[in-house]
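Residue numbers (this note's numbering), protein chains in the order written: chain A, 13 to 134; chain Y, 43 to 638.
You can trust all of the hints, since none of them are fake.
List of simulated lysine-lysine pairs, DSBU-like, C-alpha gap at most 35 Å:
#	chain 1	residue 1	chain 2	residue 2
1	Y	K131	A	K109
2	A	K38	Y	K71
3	A	K14	Y	K226
4	Y	K186	A	K27
5	Y	K61	A	K27
6	Y	K186	A	K17
7	A	K27	Y	K303
8	A	K38	Y	K80
9	Y	K570	Y	K591
10	Y	K376	A	K14
11	Y	K202	A	K14
Just so you know, these hints were derived from the structure itself, not from any lab.
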Amino acid sequence: MKSLKDLEAIRDRAKQEMSLRETENKTRIIVGMATCGIAAGARPIMAAFNQELELRGLHSASVSITGCVGVCRYEPMCDVIDPNGDRTTYINLDAGKVRRIVAEHIVNRRPVTAFTIGAAER
Amino acid sequence: MISRTHVLVCGGTGCAASKSTEIMAQFEKHFLAKGIEKEAKVVKTGCFGLCEKGPIVVIYPEGATYANVKPEDVKEIVEEHLLKGRIVKRLLLGDTEAQDVARSLENVGFFSRQLRIALRNCGVINPEVIDEYIARDGYAALGKVLTKMKPQDVIAEMKKSGLRGRGGGGFPTGMKWEFAAVQKADRKYVCCNADEGDPGAFMDRSVLEGDPHSIIEAMAIAGYAIGANQGYVYVRAEYPIAVQRLRLAMDQARGYGLLGKNIFETGFDFELEIRLGAGAFVCGEETALMTSIEGHRGEPRPRPPFPAVKGLWQKPTILNNVETFANVPVIINKGADWFASIGTEKSKGTKVFAVGGKINNTGLVEIPMGTPLREVIYDIGGGIPNGKAFKAVQTGGPSGGCIPAAHIDVPIEYDTLIALGSMMGSGGMIVMDEDNCMVDIARFFLEFTVDESCGKCPPCRIGTKRMLEILERITQGKGELSDLEKLETLANSIKQSALCGLGQTAPNPVLSTLRYFRDEYLAHVVDKKCPAGVCKAMMTYSIVEDKCKGCGICAKRCPVDAISGVVKLPYRIDQGKCIKCGVCMDSCKFAAITFK
Ligand SMILES: Cc1cc2nc3c(=O)[nH]c(=O)nc-3n(C[C@H](O)[C@H](O)[C@H](O)COP(=O)(O)O)c2cc1C
Ligand code: SF4
Ligand code: SF4
Ligand code: FES
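The following block holds chain A by itself, in its conformation from the complex (with noise of 0.2 Å):
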């Protein structure tokens, strides 16, 4: 190590891998996983999260997952968790329903409600 420039370069590098443990200011997707949700494709979904976030260099948002929610008739289902509280959730999802609530719910802070579960249940 040279330089200012290589500590901040490490520290960038490492900040990545070790934002999963800030609680605060933290958005949350929490995928449900249980049963039904693994047989309807939960998995292939939480890798796209993660896939996502990842490409994207996000730090503001975790990746969890969650037990039978109920609704599985629903299912690949999520929950999106707003650092102030707010709850959205989202259903039937597929790899492109994913990178579009990334990119407009979790980047611009404006959630997808045509994907959710008010926008079906009309």
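Got chain A; can you put chain Y with the ligands on it based on the hints?
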């Protein structure tokens, strides 16, 4: 792929002793079995400060904190939490009432009132991975100091921050550095005191184990500030994990060029060495510590000359405590004004305490200076177990004194504690309830100092021994009223004439208990009673006549035939023969025997 889950397992001394290494191995094994080894990662951390409830496991991103985890529990955690997203409630830290939200560290009362500066990385990073320290702005302060600040700027910043020594004395750190900086010498030294002799204190160990790089970085900063190129860390040999992690951290820092020659290409060189102490309490005293580093017997020498003028090998030297150093990089990064905004007028920043004794949540807590004692005992410490009454708290270890319940609202800072006849010390805090005998407590601490006296000067070698003999007499019920005066006279003359801090402060626990609990001393010497029921010699087994049915069982069981009587009439114990074994009390089915 970035892991989606980090499983932090405490690798501190406390948790390592309760199988945390095996727990880590179990996690790795179950990750493989379930095919999630790429998504989840085990991170070994330093102490969370909750050793009593260890081993501790924290799972992110949820921040769920599991306590008392056993290797057998790992399978359930992996299957439930990691695979199904269901928190294993029975293992959660704190009251485990049904709760859907994951309890994160920040939500637990024990942590929510703490402010972690010195312990900022403990339980957060893997201390064996330098990149994790760097991710949390590690070595940025050293970089800033070397490239953007002059040594005198660093000292000015330290002075402005108001940081005072955390090792006991509370001397302003910036001033100490300045004394050494202005000396002209061909060599100067920076030393770190990790001797941690106060029984019950373990914050220095936790910092070294959980965040060793912060000490390396701070010592290099100090070296730059005073013009030293060599540092020594004096650690007690009883801290093997701390020593091993520090060694590893030093190797990694050297590998990155953060120790050694020409750091950040600024021409500044700094090297570090570890010296192991054999664990004598007196070796924590600054002059004794330096004598010991030089390879001689660790005995104190008179001051002046002060170490800043003539220290290690007669060269200007500064010595700071581990916790003091741990604050330094943060002060440089965030600025003196930020640091000085925390705490009180004369005590800035935070202090780490090792809270133990009669309290529900024992462990390490870091609180802003000026936090009322009540908050530490009740809000963070969770109060006294078994509904007992809080009696006093001992701070400053064997050199300190006690603060009685009447002063529970005192804000904790250097000067208020001294005004109460105690002191901050290194941060041991032992909580006592109604069942503790204060005379016995004083005897306990004095016994410690008598054992640890190096014997170089008579007031400490002989004087403290005499005091201990008097205290032993009192606890055995053989004390006299005049003993109290004798204790005070001896105490005051030892304080004035002993050579080093050990002797000068040794009488403090006695003086302070005499000041606040004189009635307990009087009960011992006048009434020959121990009100708390601790001093066995003064207590007797006796039979309550109304309750005794005259069955005679106790008389048969008594190994020395001290009990006699006529069947169906109350029995009696001959106090002259009784050896206080307690067999009779256990054998009586009618609870007719008391011990008071
Ligand atoms: C008997 C005795 C034991 C001491 N033990 C320690 C110790 O274990 N750790 C420590 O940091 N300071 C200890 N000190 C205080 C040191 O002498 C010294 O004041 C301190 O390390 C300076 O660092 P600081 O200014 O950062 O607190 C002890 C002092 C005495 C008199
Ligand atoms: S005061 Fe006690 S420990 Fe200190 S030099 Fe004298 S004998 Fe040794
Ligand atoms: S065992 Fe109890 S009841 Fe029986 S003689 Fe002894 S004190 Fe009395
Ligand atoms: S050693 Fe694990 S919490 Fe202290």
